[in-house]
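Asker: Chain by chain, the residues run as shown.
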Amino acid sequence: MRRPSTLTAYAFLYLVFLYLPVLFLPLFSFNSGTIVAFPIKGWTLDWYRKLGEQDTLIQALWNSLGVGTVVAILSTAMGLFAARAFVRYRFRGQRAAEGLVMLPLVIPGIIVASSMLVLFLFLGLKPSLLTVVLGHTFLALPFSVSILKSAFDDFDASLEEASYDLGVGVFETFRRVTLPVVTPGIVASMLVTFTVSFDEFVLAFFLSGNQPTLPVYIWSQIRFPAKLPNVLALGSILLLTSVLLLVLAEYFRRRSSASEVR
Amino acid sequence: MIFRSEASRGYTLSAPATAYVGFLVAAPLVILVAYSFWTQSYVTLDKTPTLKNYRDAFADPLVRHLMLRSIWIAGAVTAVTVALAYPIAYFIAMKARKKTIWLLLITIPFWSSYLLRVFAWKLILGFNGVMNSALLMLGLIDEPLDFLLYNEFAVVLTLAHAWAPFAILPIYVSLQKIDPSLLEAATDLGNGPIRRFMRVTLPLTIPGIIAACLIIFIPTVGDYVTPALVGGSDGKMIANLIQVQFGAANNWPLGATLSLIAMLSVGFVAIVFVLTATRLGRRIK
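First to last, the protein sequences are chains A and B. The numbering of the first sequence is this note's numbering, which starts it at 37 and goes up by one. The numbering of the second sequence is this note's numbering, which starts it at 28 and goes up by one.
Okay, chain B solo, but in the shape it has when bound (with noise of 0.2 Å):
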């Protein structure tokens, strides 16, 4: 063990993990490409390279819209996350007692099936749902409200519940990672409780706000089972189109087009906030 330098033992104890990751990430995607520059009739795959498939999806409204409706209720579903998680993180790292008990608690749900979670919300908001139900029991409405499920409400809200956890996560360790000793600076320099946030805590939690939001972001654009659950057809995204692809519609090359668009789509407006974000985060420093 001793003829083999560090570096040689590295690489090949990590090498069949990356080599697998790697491949399943490369390989799909060479023959994604491959494949949206073919053409289906039926159950016959014509090779011949043409653009027609890019032709299609960029002309067609509604691959545009829900293209955009997905990055839309993606970033809604970012937004209203982070909001709703900041307060949490900030409380387990600067207040909480019991780390580790809270920690815990936040995460345990997440463990359990998403698909699960997501019908559960479909049980709860649905127009004869337990919501409704209980409200109208309570007394508090006359009669069912249906604006509850199969929107984009539905869709953000569901999802704002599934990532919870996501967005906790990377904010409470950089809270966690704050120098106490600059927090006392600022409060002896004469900074008020809410000018010391503003402007030592929040600069100092950006990586950790960037790192949540694109946890959340990126997978949420092309999530399937919401919109297909709650989201009616006001709520479709991205993924049940590229499913009907797959599945019903049977276009394959399609399919696979509107994959690459979703994915082209999704690292442009990630690499647009990272920026920004970025720069931002400069200039309030």
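Pulled out of the complex, with its shape left as it was, chain A reads as follows (with noise of 0.2 Å):
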């Protein structure tokens, strides 16, 4: 049996050279020297407090969070309604109809970017954090309707038939029987978008015009070696959130597909 070790082996390797160059931003974040370079000068927090004083990243923060709040509402929503349709319904048209869904996903960032931007100054928006939602909408749509899909495909049916049966109404029905069962899968969906939403850089580098969000942020402070430390802080900050969050949505996706067997 020595095929399958160095396999095993490989995939270990494959791990660090997965995880290793991330953690080197918390790593040096905590350095108190500037230059980042072995050997490690000694240990400090000095970065993370210096954080709090930045009012243009406070304001990018909160740029971020608000955009990414109302971009996971939006697509959740439109991702709910599609899902659903996609699972439940047989329609002409249809596969097409999911591949175009999924169409944000392989279009170059470039053109997305450049593309909206020229659209929505013809249609007369200014690059502003509105149009950074509805770019990003469009991104994190994928996402929730792969989501929900799954969600959805878990859902039995027939729980709906009875409630009809019993002479529910199809709203009422919605809000009692559907939705509890798929509530799990909303709260995954809202999870993964707004991270979608909050770690997207190109789109919103051209749509943003002067209320940058975070990543946009972190992008013109990247130029100055003295900003280093403090972008360091900031980015290791991000990553454990954009983590937890994401551990958190699979928290959900797996209560979603364990509910189906209550």
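Calculated from the structure, these hints are not laboratory results. Being a predicted model, the structure only gives us computed values, none of them experimental. Take these hints with a grain of salt, some might be off.
[What the hints assert, rightly or not] Straight-line Cα separation of at most 25 Å, SDA-like style, residue types lysine to any residue; simulated pairs:
1) 77(A) <-> 74(B)
2) 77(A) <-> 171(B)
3) 74(B) <-> 42(A)
4) 77(A) <-> 172(B)
5) 126(B) <-> 52(A)
6) 185(A) <-> 204(B)
7) 185(A) <-> 203(B)
8) 77(A) <-> 267(B)
9) 149(B) <-> 123(A)
10) 162(A) <-> 102(A)
11) 162(A) <-> 267(B)
12) 122(B) <-> 280(A)
13) 125(B) <-> 41(A)
14) 126(B) <-> 280(A)
15) 149(B) <-> 51(A)
16) 79(B) <-> 66(B)
17) 125(B) <-> 44(A)
18) 126(B) <-> 287(A)
19) 263(A) <-> 173(B)
20) 86(A) <-> 60(A)
21) 126(B) <-> 158(A)
22) 204(B) <-> 46(A)
23) 126(B) <-> 46(A)
24) 122(B) <-> 53(A)
25) 126(B) <-> 279(A)
26) 185(A) <-> 39(B)
[Claimed, not checked] Reference listing, derived: stretches of chain B covered by chain A, where coverage requires no fewer than 3 residues with Cβ under 8 Å from a Cβ of chain A:
27) 47-61
28) 78-87
29) 232-241
30) 276-285
Note that CB positions come from ideal geometry on N, CA and C, so glycine has one too.
Join the two chains into one complex using the hints; note that each chain is given alone, in its own frame.
Answerer: Spelled out as structure tokens, the structure:
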């Protein structure tokens, strides 16, 4: 049995390749020296303390939180309806429609960004947080649709039929039967779409005008070597936030699959 | 609700999402095409239709150079990423006991900010960076290596790291679908493990490999962040030139033209790739 062990060793090496580069950010964010290199001079929390004093950073954080929240609501609402249509009903052109909704995943970012900038200005929308929301909703939609599709996949349609047979109306059935079962899926979708928006850079870079989101703010700081430790501290917090949100989303997604059994 | 057919309910419910995506795909495209036939001098837009932008773009050696380099880099990234990912997908699908844990471990890094992951590579590969300082400290080198950052190698490495999960998942799915009895049959017919892999497993996973290649290749051609941060002047790609037209150069019509050329080139290469790959797949079978 030598073959499986080489494969296993490769798998662990691969994990190191995946994780190690990212882990250097938090490691050096505690370094008291300003140059990102070994040996580490000493340990400090100063860079984290200084984050709170920067007004533009705080403003960018609020911008990102606001955009992310609106994007999560919009894309999950549209995704909810679409996912239900795709799982529950059969209609002509359905596969085309499902493919269309997945399209934002594969269009190169620069093309989405440049073409949306041109479109929004043509429509008289100045680059602002509003245009970022519109763009991010477009990018987040495939994620919400695929998460909610699997939530509806696990949903037993006979529950709804039973409810109709008992004389309960369409909306009441949706509210009292369907919604509770797919709620974990909705929560998972909102967390994922929020994260997609929160981390997205290229579209925001083109569409945010003079209202930077957090990644756009980071981009503006990267050029200045003196700002590096701050970026590291901020980046580490963002990495941790993204991972926590995603683990939480995964937890809810699992629950939505498990609820079918009950 | 009995009055409305199933199909019409399907259309109504999916309409907001499909209309939204459809509009934001089609409308910018129409305007982009329109822009590509216009010209701009300083701030005024001249809407007389002309082919000047296309002539300029095709005549400019820089455009051709960057476009070809983008395709070459994206191709290299795709090949490297898929080659590295296949054994992992195979391991998770065939050997690993805790598949869901492995899948989760593979996807978590993808959820961290793309910008920050690229930035991390810039710090690692820099002249006074993490890698050089570590090697110096260990005494493996006497002076910092200067070929790590600001070239095509750095771009390919960074992108191969960024796209890893996208290659693993489609291949994993196609491996997962293989009927184990086919593998048993191959063994019973006297095929060794390598022959069995080449004649059964690999051909059956070709759809997964094609999907992985497309998912990586198409967005990579238009990547902006990685060449901008780790590419230096030798690693710049077409997206950087497009951004300049919309930013500093303020020549939107030319930017629109370049976007369209990039889109068509990507589409062309992707179609040729899918056609040859499927034909090749059939021949192996």
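Asker: Just pull the numbers of the violated hints for me, sorted ascending.
Answerer: 1, 3, 8, 9, 12, 21, 28, 29
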